[in-house]
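The primary structure of each chain is shown beneath.
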Amino acid sequence: MLVVVTGIPGTGKTTVATKAMEKLAGEGVKYEMVTYGTVMFEIAKGKKLVENRDEMRKLSPDVQKTIQEQAAKKIHLMGMNANIVLDTHCSIKTPKGYLPGLPEKIVKMLEPNVIVIVESGADEIHLRRQGDPTRARDAESVEDIRLHQDMNRNFGAAYAVLSGACVKIIQNPQGKADQAAGEMAGVLK
Amino acid sequence: MLVVVTGIPGTGKTTVATKAMEKLAGEGVKYEMVTYGTVMFEIAKGKKLVENRDEMRKLSPDVQKTIQEQAAKKIHLMGMNANIVLDTHCSIKTPKGYLPGLPEKIVKMLEPNVIVIVESGADEIHLRRQGDPTRARDAESVEDIRLHQDMNRNFGAAYAVLSGACVKIIQNPQGKADQAAGEMAGVLK
Amino acid sequence: MLVVVTGIPGTGKTTVATKAMEKLAGEGVKYEMVTYGTVMFEIAKGKKLVENRDEMRKLSPDVQKTIQEQAAKKIHLMGMNANIVLDTHCSIKTPKGYLPGLPEKIVKMLEPNVIVIVESGADEIHLRRQGDPTRARDAESVEDIRLHQDMNRNFGAAYAVLSGACVKIIQNPQGKADQAAGEMAGVLK
Chain A
301 MLVVVTGIPG TGKTTVATKA MEKLAGEGVK YEMVTYGTVM FEIAKGKKLV ENRDEMRKLS
361 PDVQKTIQEQ AAKKIHLMGM NANIVLDTHC SIKTPKGYLP GLPEKIVKML EPNVIVIVES
421 GADEIHLRRQ GDPTRARDAE SVEDIRLHQD MNRNFGAAYA VLSGACVKII QNPQGKADQA
481 AGEMAGVLK
Chain B
301 MLVVVTGIPG TGKTTVATKA MEKLAGEGVK YEMVTYGTVM FEIAKGKKLV ENRDEMRKLS
361 PDVQKTIQEQ AAKKIHLMGM NANIVLDTHC SIKTPKGYLP GLPEKIVKML EPNVIVIVES
421 GADEIHLRRQ GDPTRARDAE SVEDIRLHQD MNRNFGAAYA VLSGACVKII QNPQGKADQA
481 AGEMAGVLK
Chain C
301 MLVVVTGIPG TGKTTVATKA MEKLAGEGVK YEMVTYGTVM FEIAKGKKLV ENRDEMRKLS
361 PDVQKTIQEQ AAKKIHLMGM NANIVLDTHC SIKTPKGYLP GLPEKIVKML EPNVIVIVES
421 GADEIHLRRQ GDPTRARDAE SVEDIRLHQD MNRNFGAAYA VLSGACVKII QNPQGKADQA
481 AGEMAGVLK
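Here the protein sequences come in this chain order: A, B and C.
One gets the working numbering by counting positions in the first sequence from 1 and adding 300 to each.
One gets the working numbering by counting positions in the second sequence from 1 and adding 300 to each.
One gets the working numbering by counting positions in the third sequence from 1 and adding 300 to each.
So here's chain A without its partners, still in its complex pose (with noise of 0.2 Å):
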């Protein structure tokens, strides 16, 4: 099993992923949690292109695309030996616009079992990124999440019908993260 897991900043997907995880391993059922973007810095480190993580947005766009293309290749041959959650972006926002995070060939080389998309009220988002100290810098609008929330749900239907996935979509309210993890272990299962 490959799943894809994505959620915006401050949908709480790490916190519940990792929760699903643990209560499938009490179920004698083993996931693994891969980054995409370790496998990438990976890989470009493999090849001397990189020393550290910040140097790989300096990389040019090709060659951020080859290794996104390799680290795909990748991560599907770990799918069929185990069972991966695969934690990366539906889309990421750019000063360009919403940039796929699959893009066709990538989501076609990965070939997911399922997407999932963890969703919190845009409010609430908005409310657990100001707790945040990191991102004070570049807070986005309560509108600007719901917008971004929005296009993710379009993309993840775009890559279903690429990949012939299915897309799941994970509310994560404040306080029911738990529940949140009980829906995505029954996907994991």
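No wet-lab data here; the hints were simulated from the structure.
There could be a bad hint or two in this list.
Identical copies carry no separate label here, and so any pair may be met within one copy or between two of them.
Cross-link-like lysine-lysine pairs, in silico, BS3-like; alpha carbons within 25 Å at most [unchecked claim]:
1. K365 x K348
2. K405 x K373
3. K365 x K405
4. K489 x K476
5. K393 x K347
6. K489 x K393
7. K373 x K319
8. K365 x K408
9. K396 x K319
10. K373 x K408
11. K408 x K393
12. K323 x K476
13. K347 x K358
14. K405 x K358
For chain A, the structure is supplied; the task is to place chains B and C on it using the hints.
Here is chains B and C on its own, set in the frame of chain A:
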């Protein structure tokens, strides 16, 4: 003409499609209603893989996929010689999320002219389903119904981009089935 | 750079794009505005298929499709030697539903860097259209305008996934065209 007609349970898509076809028959335009699942069942029965429809879901995913593709080929051919209303699902709600009803390969084989999505208000659908004793067990919340309809629009757009079809959204509010049927007749004409 | 600019009638997309281009021209960044329909018309005229634009819609769908593809090839080449703002439709509202403006083959030929969707409030668009005497006949309801804008986001996401482009949503509320133009200038820079 091959017109795919979708709509989640409780939208009244079959009523709307049937009324539209009757209306057109009166004007001399003949359409045949084909149900995707029935075509698949007939193919599987012809291969002696199943004897009744309940056995269909017990076929392995790979076999189901092969039959789904053979059905697409068959329906595409039917659409070249006749006007077909194809009754199917935009997406199927499964425990692992929304499964696209017309993944890339299928929608490209079908080459539909139009993909219709029949919608009703989520609260109306909820009420209609409560009145249907066969659905009592798996009652969906109004919010879940709203989400399913939202995702189906996303799927519909992806299908259109991949196949070049038009996507038509038809609202079927309570007591307005004739108006909705009139709109669908306009699409079929 | 090839930036596709879309927006349904009444969003003010042309005003916003023109203002953004003027702003950038003042900073020494030159963009050329190309209208998809005009490129198609010129190709058809060059082949002596039509003499004026009204005749374009009378061409058979197959001929229109061929010309649409030749236009995509031509615009893609233009975008390799210059900065292009491509004025076109995200989807076209037809009696048979929303027709994608950039079906798979076209968006892959164009390889745009960014797809911009200019939006305004559905009620504002409705009001603006009422003030436009050329549109009086086919007045759309506020609800239909909202639906068209919603579907265009879905189409935009599918285009991005297929082409690798970013999708940028720019709001253009009444009286804020300068702000919207500033946002578009940021995309074009």
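Now for the hints, and whether the structure bears them out:
In the homo-oligomer, the alpha carbons of K365 and K348 lie at most 25 Å apart inside one protomer (17 Å), although the nearest pairing across protomers, at 43 Å, exceeds that limit. In this assembly of identical chains, the alpha carbons of K405 and K373 lie at most 25 Å apart whether taken from the same copy (11 Å) or from different copies (22 Å). In this assembly of identical chains, the alpha carbons of K365 and K405 lie at most 25 Å apart whether taken from the same copy (10 Å) or from different copies (21 Å). Taking the shortest alpha-carbon separations for K489 and K476, only the intra-copy value of 20 Å comes in at or below 25 Å, while the best inter-copy value is 43 Å.
With identical chains, the CA atoms of K393 and K347 are never at most 25 Å apart, being 28 Å at best within one copy and 43 Å at best between copies. Proximity of K489 to K393 under the C-alpha cut-off of 25 Å is restricted to the inter-copy arrangement: shortest distance 17 Å between copies versus 31 Å within a copy. With identical chains, the CA atoms of K373 and K319 are never at most 25 Å apart, being 27 Å at best within one copy and 44 Å at best between copies. Taking the closest pair of Cα atoms, K365 and K408 come within 25 Å of each other both inside a single copy (15 Å) and across two copies (17 Å).
For a Cα distance limit of 25 Å, the shortest separation of K396 from K319 across copies, 18 Å, qualifies, whereas the shortest one inside one copy, 35 Å, does not. For the identical chains of this complex, K373 and K408 are neighbours both inside a copy (10 Å) and across copies (23 Å), given an alpha-carbon limit of 25 Å. When the C-alpha separation of K408 and K393 is checked against a cutoff of 25 Å, the pair qualifies both within a copy, at 22 Å, and between copies, at 22 Å. Taking the shortest Cα distances, K323 and K476 sit within 25 Å of each other inside one copy (15 Å), while across copies they are farther apart (48 Å).
Taking identical chains as interchangeable, the C-alpha atoms of K347 and K358 lie at most 25 Å apart only when both belong to the same chain, with a minimum of 15 Å there against 47 Å between chains. In the homo-oligomer, the alpha carbons of K405 and K358 lie at most 25 Å apart inside one protomer (23 Å), although the nearest pairing across protomers, at 32 Å, exceeds that limit.
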